[in-house]
Amino acid sequence: MCTTCGCAAGAVTIDGDHHHHHHHDPSDTAPGRVIALEIDLLVKNDAIAARNRARLEEANCLALNVMSSPGAGKTSLLVALVRHLSDRVPLAVIEGDQATANDAERIRATGVVAVQVNTGKGCHLDAHMIEHALERLGIPPHGMVFVENVGNLVCPAAFDLGEARKIVVASVTEGEDKPLKYPDMFAVADLLLINKVDLLPHLDFDIEALRANARTVNPRIACIEVSAKSGAGLAAVADWLEAARPGADAA
Amino acid sequence: MHEMALGRGLVQLLEEQAQAQGFARVRKVTLALGDLGHVDPESLAFCFDVVTKGTVAEGAVLDIRRPAGQAHCWDCGIAVTIQSRADACPSCGGHRLSVIAGDEMTVRELEVD
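Protein sequences appear in the order of chains A and B. The opening position of the first sequence corresponds to residue 0 in numbering that gives the first Met the number 0, with each subsequent residue numbered one higher. The opening position of the second sequence corresponds to residue 0 in numbering that gives the first Met the number 0, with each subsequent residue numbered one higher.
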């Protein structure tokens, strides 16, 4: 334990700023061997994600990573969406939460197979969890796999799961400035689903401001207004998913 | 707080490098965490002491470099520096930007014994 600031023996500098940088041992003054590397911190995750992606593509299966803050309505939306799609497309759902199997049970009640991944204290799903979940579920050939990430607009943005597309859900009961507050998440997403639009008559929500803010951080993001409750927009989502499927361009 | 997961991944990477490159102890780790990367450097630095305990990197110095975010502005046709993905082009004020650099999270260099 360092007596200067109470940190452990480790030391930290950020961009050369002297910050927690103390020498504890006189032998440390002699330079050690220097090894140059250029390795991504997420190298392990990304290797497994690439493996997941290859397996999904081989089966012609479209995988979607669905992310949002807690309470934006991911699960209700997925329940409505799988009901809308399940008679035409083979589906499977992976549900991520810190605890409980509630969400997987809600999906299974629709007749679609689902597996629950509990992350414990973890704040995001990673590619390794998805690899095991896919083993348990089996990849539906020529189908779709929806992965509902842990409710969190920060951490899941960093972790590639092997999905083909990332979807972010924001509801009209949240602020229009969510994309500006959490730019990393909205920057990586391919599609923004604006959920709970059935509530718009009761709210002072500026939906155009939300779209504009999303495009500020990500000019290529697609936006669809939906309501899990009324079913509005589900057909448009189904069309978007259809266009994203492997081989859609050739069809 | 995914920085804990990134920290554990970093330790795993260091243990593997120790095996592959034949060193017993890491003195210093140099990371490049771009301004636009998905990581909070302060949080990662905080986790580093905890996750390195009892490993080859216990007591190592963590040196974090912050490469600036760079984007291509489609309206100006030039590369510009930005601090966040929500930033506007400093030249025209527009938002038609594509990030071209400064989103890395890499281990650049190790000093070892």
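Just so you know, these hints were derived from the structure itself, not from any lab. Take these hints with a grain of salt, some might be off.
[Stated by the list, open to error] Calculated pairs, DSBU-like style, for lysine-lysine (alpha carbon to alpha carbon, straight line, at most 30 Å): (1) B/K27 x A/K180; (2) A/K43 x B/K52; (3) A/K228 x B/K52; (4) A/K180 x A/K228; (5) A/K43 x A/K228; (6) A/K120 x A/K180; (7) B/K27 x B/K52; (8) A/K120 x A/K43.
Does the structure keep A/K120 and A/K180 at a Cα separation of 30 Å or less?
24 Å, holds
With the threshold set at 30 Å, check whether the alpha-carbon distance from A/K120 to A/K43 stays at or below it.
20 Å, holds
Agreement of A/K43 and A/K228 with the hint, judged by alpha carbon distance not exceeding 30 Å:
40 Å, violated
Starting from A/K180, check that the Cα of A/K228 is at most 30 Å away, please.
This hinted pair holds, its Cα atoms lying about 27 Å apart.
Are the Cα positions of B/K27 and A/K180 separated by 30 Å at most?
Answer violated: B/K27 to A/K180 is near 34 Å, above 30 Å.
Decide if the proposed pair is consistent with the structure: B/K27 and B/K52, CA atoms, cutoff 30 Å inclusive.
Holds, because 14 Å separates the two Cα atoms, which is no more than 30 Å.
Given the hint that A/K43 pairs with B/K52, test it: the Cα-Cα distance must not exceed 30 Å.
Distance of about 21 Å is within 30 Å: holds.
Does B/K52 lie within 30 Å of A/K228 when you go C-alpha to C-alpha?
50 Å, violated
In summary, the structure is inconsistent with hints 1, 3, 5 from the numbered list given earlier, while agreeing with the others.
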